[in-house]
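K.L.:
Could you build the full structure based on these sequences and the hints that come with them?
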Amino acid sequence: MAALEALDFVPTVDKFTPLSQHQEQTPGTFFDGPPVLHLHAPNTHITLPHASHQKHQPLKSLAENVNADAAQEGNVRLEDVDVWVTSKHLILHSTNSNGGCRITYPAITITAIDGDAVLLELNLSDADTADDDIEYFQLKIFATAVQYGASDAQATAGSSNGTNGTTSDNDATTALYKAIADCQELNPDPPMPGEEGEDGEPVFDETAPGATGWITSENMDQFMDADGNFRMPEGVTFIGGESEEQEGATTEGVQAPLGEGAGRTRTAAEAGVEREDENKWRATGD
Numbered sequence: 001m002a003a004l005e006a007l008d009f010v011p012t013v014d015k016f017t018p019l020s021q022h023q024e025q026t027p028g029t030f031f032d033g034p035p036v037l038h039l040h041a042p043n044t045h046i047t048l049p050h051a052s053h054q055k056h057q058p059l060k061s062l063a064e065n066v067n068a069d070a071a072q073e074g075n076v077r078l079e080d081v082d083v084w085v086t087s088k089h090l091i092l093h094s095t096n097s098n099g100g101c102r103i104t105y106p107a108i109t110i111t112a113i114d115g116d117a118v119l120l121e122l123n124l125s126d127a128d129t130a131d132d133d134i135e136y137f138q139l140k141i142f143a144t145a146v147q148y149g150a151s152d153a154q155a156t157a158g159s160s161n162g163t164n165g166t167t168s169d170n171d172a173t174t175a176l177y178k179a180i181a182d183c184q185e186l187n188p189d190p191p192m193p194g195e196e197g198e199d200g201e202p203v204f205d206e207t208a209p210g211a212t213g214w215i216t217s218e219n220m221d222q223f224m225d226a227d228g229n230f231r232m233p234e235g236v237t238f239i240g241g242e243s244e245e246q247e248g249a250t251t252e253g254v255q256a257p258l259g260e261g262a263g264r265t266r267t268a269a270e271a272g273v274e275r276e277d278e279n280k281w282r283a284t285g286d
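Going by the working numbering, the sequence shown opens with residue 1, and the numbers climb by one from there.
If you are wondering where the hints come from, they were derived from the structure by calculation, not from laboratory data.
Where is the CB? At the ideal position from N, CA and C, for every residue including glycine.
Any given hint might turn out to be false.
Derived pair list, reagent style SDA-like, types lysine to any residue, alpha-carbon separation capped at 25 Å [said to hold, decoys possible]:
hint : residue 1 : residue 2
1    : K140      : P49
2    : K60       : D126
3    : K15       : D126
4    : K140      : E24
5    : K88       : D171
What follows is a set of in silico ranges between Cβ atoms, one per label pair, in the way DEER data are often shown [said to hold, decoys possible]:
hint : residue 1 : residue 2 : range
6    : D182      : F230      : 51 to 59 Å
7    : K55       : F223      : 39 to 47 Å
8    : M232      : P34       : 45 to 53 Å
9    : N123      : Q222      : 49 to 57 Å
10   : M220      : P34       : 44 to 52 Å
P.N.:
Put into structure tokens, the structure is as follows:
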């Protein structure tokens, strides 16, 4: 999933599940229905670097034409942007251009309050981007009112009903900040290869050479020593290897002794004697 995508619908309250309604549902229905609307901040204005606005088409769709003076100063200011904080994405929609975008929460690396704005640091680079090439930029949202989705009359910074944990003293900036932070917790960063997952087991890249246990041309060097002899890399397991070792071991973990004659090569004479005895047994048994 891309960190930034163009919006393919016009967001309205009826396209989401209000948070208050979601909280009344049973756990079995949590994952049914549309995304949960944590907060709606209408008619905000946002600022971001002019270069980032021009580089990313979904952001550019919020306003195709920007003030030339603002562009020269490095940042652009986009007016009349509705902000929808949902359980899946942070949605920005312009009522002027009717364009919009949605941002995944893992792409938001920093969330903070900066004066009367909510400051977001965004990383829209792909996972394969080299560290030196990763692009970070700051987007600020200036909100003057917030709604919670249950009804348009539900208000604003000065009259919250406690949804999202806000109180009557919270202003729009604080309410918006908390809603975004809450949704970030609902959408944590996916674990990277080598890190532990939710079950405590290390996460590895299944696409990495040798991850499947097969020896291929890509990982052949891992199974050969400097002289070209085959070797098993340290820590590598193979199908059946662990169980077979356990079957041949005692309870103390020591290899069980082999049976009589194991590993000894029999002579042809010995083998002939056995066949002769076997033939005699068959003959007497007729």
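K.L.:
Are the hints correct? Go through all of them and say.
P.N.:
Results for each hint:
1. Distance restraint check for K140 and P49: the Cα-Cα separation of roughly 10 Å lies within the 25 Å cut-off, and the hinted pair is therefore satisfied.
2. This hinted pair checks out: K60 and D126 have alpha carbons roughly 19 Å apart, not beyond 25 Å.
3. Between K15 and D126 the CA atoms are separated by roughly 29 Å; this puts the pair beyond 25 Å, and the hint is violated.
4. As the CA atoms of K140 and E24 are separated by approximately 33 Å, the hinted pair breaks the 25 Å bound.
5. With a CA separation close to 24 Å, the supplied pair K88 and D171 stays within the 25 Å bound.
6. Our hint of 51 to 59 Å for D182 and F230 holds, since their Cβ atoms are close to 54 Å apart.
7. Our hint of 39 to 47 Å for K55 and F223 holds, since their Cβ atoms are close to 44 Å apart.
8. The beta-carbon spacing between M232 and P34, approximately 52 Å, falls within the hinted interval of 45 to 53 Å.
9. Taking the beta carbon of each, N123 and Q222 are about 33 Å apart, not inside 49 to 57 Å as hinted.
10. At roughly 50 Å, the beta-carbon separation of M220 and P34 lies within the given 44 to 52 Å, and the hint holds.
Hints 3, 4, 9 from the list above are not met by this structure, while the remaining hints are.
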